[in-house]
Structure formats: C-alpha cells, structure tokens
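Peer 1: Each chain, letter by letter, is given below.
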Amino acid sequence: GNSVTQMEGPVTLSEEAFLTINCTYTATGYPSLFWYVQYPGEGLQLLLKATKADDKGSNKGFEATYRKETTSFHLEKGSVQVSDSAVYFCARQSGGYNKLIFGAGTRLAVHP
Amino acid sequence: GAVVSQHPSRVICKSGTSVKIECRSLDFQATTMFWYRQFPKQSLMLMATSNEGSKATYEQGVEKDKFLINHASLTLSTLTVTSAHPEDSSFYICSARTGGGDYGYTFGSGTRLTVV
Chain E
1 GNSVTQMEGP VTLSEEAFLT INCTYTATGY PSLFWYVQYP GEGLQLLLKA TKADDKGSNK
61 GFEATYRKET TSFHLEKGSV QVSDSAVYFC ARQSGGYNKL IFGAGTRLAV HP
Chain Y
1001 GAVVSQHPSR VICKSGTSVK IECRSLDFQA TTMFWYRQFP KQSLMLMATS NEGSKATYEQ
1061 GVEKDKFLIN HASLTLSTLT VTSAHPEDSS FYICSARTGG GDYGYTFGSG TRLTVV
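Residue numbers (my numbering), protein chains in the order written: chain E, 1 to 112; chain Y, 1001 to 1116.
Hints listed in this document are in silico derivations from the structure and should not be mistaken for laboratory results. For every residue, glycine included, the Cβ atom is placed at its ideal position computed from N, Cα and C. Each hint should be verified, as a subset may be incorrect.
Think about it this way: if two alpha-carbon atoms lie no more than 30 Å apart in a straight line, the pair counts; the simulated DSS-like pairs of lysine-lysine are [said to hold, decoys possible]:
1. Y:Lys1014 to Y:Lys1041
2. E:Lys60 to Y:Lys1041
3. E:Lys77 to Y:Lys1014
Residues from chain Y that face chain E, not an exhaustive set, calculated with beta carbons under 10 Å [stated by the list, open to error]:
4. Cys1013
5. Glu1059
6. Val1062
7. Thr1082
8. Arg1097
9. Gly1104
10. Thr1106
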C-alpha cells in the first residue's frame, strides 16, 4: 500500500548535536516527499520537499535526500538548536487528488 | 505567501450540538482542500478531500453524515461536526493545495474541539 514510516520518538538531543530522523515510504512510482514541522500549539509548516529521485530538499539547516533505491527520505541537521524542538512529520503525496499521507511524527526535544 | 485562515482556533461545545469549522484561502483560489484530524501526540489522519462545487471524498471509516463538508466557493471550505460527542474531541486541521508545479500545500492553524 501507500504508507509512510518514520522513527519513533521522542528524540532527545543536546544543543549542537547531529540529528537524523528516519523516514521510509512505500509507493508505486515516485511520489513527491515532504517534511513538515509542528511547533507546540501551532499548525504544520512545510520544512522542505523533494519532487523527484535524487533531489535534495533543504531549509534552515535541515536536509533530506530522496533515495529511490532505499525508498527513504531521512531528515538531517548538523547542529540542532533548542528552537528546533518540535514534532516532525514525513509525508508523501498519494492518489488522484495528490493528498498527503503522513507518518506518525517524531518529537524532538533539544536541551541546552 | 499563500495563507489559509482557519476559525475558530478553539471551541468548546456541549454533547449533541453541532460545530462548524471554517477554512479560507486568503490570497489564492483553492479548488481542493483537505481535512485532517489529529489526536494528542499522534499523526494527522486524513478525513476527507473537499473539491469546490462537488461532494467531498471521505476516507474509509469516516462518517460522512457526522462530518459534513461543504466547499461552496474557491476560497471557503467548512467542516461541520454534527451531534458532537466527547469522542469527537480532537484537533482538526485543514489544508489547501496552492496549485502549480511545486505541489504546494498550506495548512490552517487548526481548531481544538472539546466536547463536554
């Protein structure tokens, strides 16, 4: 089927640590892939996206590369900040209306 | 950039009453809007896809008679929770496609519904 699987949280890191949040997807074809971030009490914001294989999305120091060989779109950041504490959702497009299917979300807590 | 305005942000209602949630695209036309439900510390579950001028497409397991969706114009979609019960308490989020080749999606800020 069409689904998105991301690593369970919470992920707890110290400031300036390296971050990886794994995301894999199942799909027929090559759907567009996204990472969204949800800060406490707020709605979702697009963090980055990739629309085809081997594309790299990047924003605010975060990066993710569309890997068709491993059907993955792992999120990385070299040095996290306290302000990065949030819930991160991996998502893929699906269906004729191009609806978004979300992973379960990964909560990140960064401590000073 | 594209903005989706969602209201109300919070609502408390009594069991058995109905609640309407509105989503407006402020600076673009949204032919398609999506309604999601998010339980505490869980992911977003797609409830339905709303298309302007036609009936909404509901996901499996979502009661269309309980969650009424209307998309009467290119800038407004509404979700009405009818005869609400405490188990309907949740965070509801709308999203609109901004169209174009970049597959942009803009999300509303969400509505926290509490049924007492």
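Peer 1: Against each hint, give a clear statement of whether it holds in the structure.
Peer 2: To see whether the hints hold, each was checked on the structure:
no.	hint	in the structure
1	Y:Lys1014 to Y:Lys1041	holds (24 Å)
2	E:Lys60 to Y:Lys1041	holds (24 Å)
3	E:Lys77 to Y:Lys1014	violated (45 Å)
4	Cys1013	violated (21 Å)
5	Glu1059	holds (9 Å)
6	Val1062	violated (13 Å)
7	Thr1082	violated (23 Å)
8	Arg1097	holds (7 Å)
9	Gly1104	holds (8 Å)
10	Thr1106	holds (8 Å)
The structure does not agree with the numbered hints 3, 4, 6 and 7 stated previously, though it agrees with the rest.
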